[in-house]
Amino acid sequence: MARVLSDADFVYRAPRNGHSHIVLLPGLVAGMWMWEPTLRALEDAGYGYLTLVQPMAHGNERAAPIAASVMDLMDRCGIESAAMVGGSFGSRIALDCALAFPHRVTMVALSGAPGAVTTGFLGVSFQGKVTHAFGMALVHRIFYDRRTIPQREVGAMLELFHDQRRAINAMRLMKESSGYGYADALSRLASPVLM
Numbered sequence: 184m185a186r187v188l189s190d191a192d193f194v195y196r197a198p199r200n201g202h203s204h205i206v207l208l209p210g211l212v213a214g215m216w217m218w219e220p221t222l223r224a225l226e227d228a229g230y231g232y233l234t235l236v237q238p239m240a241h242g243n244e245r246a247a248p249i250a251a252s253v254m255d256l257m258d259r260c261g262i263e264s265a266a267m268v269g270g271s272f273g274s275r276i277a278l279d280c281a282l283a284f285p286h287r288v289t290m291v292a293l294s295g296a297p298g299a300v301t302t303g304f305l306g307v308s309f310q311g312k313v314t315h316a317f318g319m320a321l322v323h324r325i326f327y328d329r330r331t332i333p334q335r336e337v338g339a340m341l342e343l344f345h346d347q348r349r350a351i352n353a354m355r356l357m358k359e360s361s362g363y364g365y366a367d368a369l370s371r372l373a374s375p376v377l378m
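Start counting the sequence shown at 184; every next residue gets the next number (our numbering).
To be clear, the hints were calculated from the coordinates, so they are not data collected in a lab. Be aware that a few hints might be false.
No farther apart than 25 Å at their CA atoms in a straight line, the calculated lysine to any residue pairs in the SDA-like style are these [said to hold, decoys possible]:
| hint | residue 1 | residue 2 |
| --- | --- | --- |
| 1 | LYS358 | HIS345 |
| 2 | LYS358 | GLU342 |
| 3 | LYS358 | GLN237 |
All chains should be built: construct the whole structure from the sequences, respecting the hints.
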């Protein structure tokens with residue numbers, strides 16, 4: 184079942200001057216902040232946008248219902264169709280949306296699709312207990328240049344891993360994503376793709 188999102192869970196800006204909508208989906212442990220420069224540029228250019236505030240691991244236990252939640256948000260905001268942009272785990276959700284709702288997704292842009300990213304691939308060990316060291320190891324391995332991440336967001340990611348439920352969500356979604364057939368999904372897309 185799709186999770187019902189409150190107004191505090193997303194940010195929507197209507198387009199101006201006939202421009203279209205763009206839906207920007209954040210990552211597993213990175214929220215809206217990852218899109219802030221892009222959102223400013225889109226707004227300055229007159230494009231409408233919709234983005235989620237929290238990272239995907241914040242309140243989602245499984246990937247399947249997230250696409251329906253995104254479509255529900257598009258309906259709430261009056262968005263008939265949009266380009267869909269996904270960052271990291273958001274790329275997986277953008278693909279799911281484009282496959283399940285091809286008439287609503289005009290194009291897909293994927294950045295840093297997670298593929299087979301697992302704790303083993305990242306070189307960290309998860310023993311069922313989230314420690315500060317585990318969270319910091321993930322932060323340092325997930326982000327190419329941690330200096331580009333605002334300190335408040337590093338703190339928010341560490342807080343996410345200190346919340347047992349969210350940490351388990353993140354591990355579950357990471358594992359689920361590692362078995363996702365990205366090549367097959369891409370071959371079945373009707374919309375144009377930018378990777």
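A quick look at each hint next to the structure:
no. : hint               : in the structure
1   : LYS358 with HIS345 : holds (19 Å)
2   : LYS358 with GLU342 : holds (21 Å)
3   : LYS358 with GLN237 : holds (20 Å)
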